[in-house]
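The working numbering applies: residue 1 is where the sequence shown begins, and numbers increase by one.
Since the hints were derived computationally from the structure, they do not count as laboratory data. Incorrect hints may appear among the rest.
Below, simulated DSSO-like cross-link-like pairs (lysine-lysine); rule was C-alpha separation at most 30 Å, straight line [stated by the list, open to error]:
#1 Lys31 x Lys103
#2 Lys31 x Lys14
#3 Lys71 x Lys14
#4 Lys7 x Lys31
Bear in mind the structure is a predicted one, so any value in this text is a computation, not a measurement.
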Amino acid sequence: MHSVVPKQREMSQKTNENVQRYTQFLQKPQKPIQPYICSTLNDFQEERDFLANNIFPQLNELCNSRGTYFKAVDLSWSELRAPESLPTHLFRQYSCLRSQHLKLCLDHVNSCFPFFICMLGQTYGDFLPDYSHFMTSKVTRLSSLSKVE
């Protein structure tokens, strides 16, 4: 009978330690789950809507029960579409805006790491016509370039 009491005390102590660890885990603010969603806008609007209206709220409830939250980062609303044809003087402005949009997207990819949802479809999205004549280098011989260039 003497050996039963120490075992009960030991089990009770381990249970209390586990409860304390779990309580500390719940009280400690958890990092939010914020996946970046990447796809072409035209292929996946219906799927994005389904995720946003059905799946993501359930994931947020699950995260809330664990002391954090779920909020997908979807920049589809800010998609820049290339006009059919641009005069050269407007193309430079559009290219600048497009590069800023790309930078914004890449910044969000980094801030959302390691959570990333990529939806692949059958289109490439917008692409720019070949206006590389004003972006080309004046270097005529590639051998004169350094390894960095």
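These are the hints, each one checked on the structure:
1. Restraint check for Lys31 and Lys103: satisfied, since their Cα atoms lie roughly 24 Å apart, inside the 30 Å limit.
2. A distance of roughly 28 Å separates the Cα atoms of Lys31 and Lys14; the hinted pair therefore holds under the 30 Å criterion.
3. Using a Cα cut-off of 30 Å, the hinted pair Lys71 and Lys14 is violated, with the two alpha carbons roughly 36 Å apart.
4. In summary, the hint linking Lys7 to Lys31 is not supported, as the alpha carbons are separated by about 38 Å, beyond the 30 Å threshold.
Violated hints, listed in ascending order, are 3, 4; each of the other numbered hints is respected by the structure.
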